[in-house]
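Novice: Chain order of the listed sequences is X and L. Under the numbering used here, read the first sequence as residues 1 to 316, first letter to last. Under the numbering used here, read the second sequence as residues 317 to 408, first letter to last.
Hints in this document: simulated from the structure, not taken from any laboratory. Keep in mind that a hint or two might mislead.
[Stated by the list, open to error] Rough simulated footprint, nothing fancy, chain X against chain L, three-plus residues with beta-carbon under 8 Å:
| no. | segment |
| --- | --- |
| 1 | 366-378 |
| 2 | 382-390 |
| 3 | 393-403 |
[What the hints assert, rightly or not] Far from chain L by the CB rule (all over 10 Å, computed), these chain X residues:
| no. | residue |
| --- | --- |
| 4 | Leu10 |
| 5 | Cys65 |
| 6 | Glu107 |
| 7 | Pro148 |
| 8 | Asp165 |
As the structure is a prediction and not an experimental result, all values here were calculated from the model. All C-beta atoms, glycine included, are put in the ideal place defined by N, C-alpha and C.
These are the residues of each chain, in order.
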Amino acid sequence: MAVVKNVLDLIGNTPLVEVSQLSPNPNVRILAKLEGQNPGGSVKDRIAVSMIDEAEREGLLQPGCTLIESSSGNTGIGMALVCAQRGYHLKIVLPENVTAERRQTLEAFGAEIILSRGSEGSNGALKYAQQLAMDNPEWVYLYQYANPANPKAHFEGTGPEIWRDCPEITHFIAGLGTSGTLVGVGSYLKQMNPAVQVWAVEPPSGEMVDGLRSLDDGYIPPIFTDNNGFELLDRKKVIGPRESIECTRRLIRETGIFAGISSGAIMAAAVKCAAEIDHGVIVTIVCDAGWKYLSTGAYSDDIDLVTERARKVIYF
Amino acid sequence: MAVDIRIPTIMRPHTGGQSKVAANGATVGELIADLVAQFPGIAGQIVTPDGALHKFVNVYLNDDDVRYIGKLDAPVKDGDVMSILPAVAGGA
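One chain only, chain X, in its complex shape (with noise of 0.2 Å):
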């Protein structure tokens, strides 16, 4: 292998791995695209270079200028790898329920942590940056949620690398955080072969950290609706911590995959797919790997106590 200049460009092409031993029906593959193996340890690094590049490419970006973002961990940690690499300050507002691992992650890229309130989850994270973005109009809020650098990332790279490893693909399942991976793939796939069905995994969100007051309160990604997302999607799913973190766990054992819990849900959501249809190729994305998890206890303790645990914890 060549000797690569920067570790950046080490983003995307991640590998396509066979998990076939999961399915419950001969005839239906499983395929696990290992977005663990990008620099920064998740899918988010192709976000994060995508909309900082863009930004640059707008000259929203000056030397030394200061981004803000709201993220659980991974955008965050992306966005922390690619800014120190181009010389940018960031600052990343963090529920304060998330785990030490990914607070420590961030701190140790250079970002700087603002905390938000745990039990207003990840839309009180969201809503606190745009706060914080409204009143500093010096610094740069990228806003993941809503930038179109987001599904284009996927559109132009991760859509276009499963259709190369596996044109044969039949369903695409993936998790549905800002939605952009759904949108991004999905739409690729779909252009290529209309017949591909697109479904999203949900985790519930924590009762405990809802971040709701009233039904007003709630959010839906304008990536998601910008891009007919309703349209787009085949199916939905939810799946619950106990099913996530079982499916975490057969995927340690039984295909030596170390995945984060939100692969977990996404992996028991291609079981119940395969279960359902007669024959096919399941593509799923593996967003993380497992190491910042370990403090939950997630793959050892007695999963009773996870579960448990999991509801006051962001965990996708």
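Starting from the known structure of chain X, arrange chain L on it as the hints suggest.
Specialist: Chain L in isolation, oriented as in the chain X frame:
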């Protein structure tokens, strides 16, 4: 069909604090109608005046969002569980 409906925290003031309510119906729409008949205050929280699902509400039948399996016409079996979840910002 007898089905349990899980009520999210923000709607529990309308169900006397209950997190789980039993309802009857052959479709998701009928279950919601029965829920509303039992707890009229919850009506505006789930459906709009023209009868569509509220935009910030996701209704799941077992683990499926009903928007993709027939919306209010989605058929219900005995022992199914319906969950009402508010739409919030995802993580990451």
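Novice: Each hint needs a verdict: does it hold in this structure or not?
Specialist: These are the hints, each one checked on the structure:
1. 366-378: holds (count 6)
2. 382-390: As far as the segment 382-390 of chain L goes, the hint holds, because 3 residues have Cβ atoms under 8 Å from chain X.
3. 393-403: holds (count 4)
4. Leu10: holds, 20 Å
5. Cys65: Non-interface label on Cys65 of chain X holds, nearest chain L Cβ at 24 Å vs cutoff 10 Å.
6. Glu107: Its Cβ never comes within 10 Å of chain L, the nearest being 18 Å, so this holds.
7. Pro148: Given a closest Cβ separation of 17 Å, the condition holds.
8. Asp165: Since the minimum Cβ distance to chain L is about 24 Å, Asp165 of chain X lies beyond 10 Å and the statement holds.
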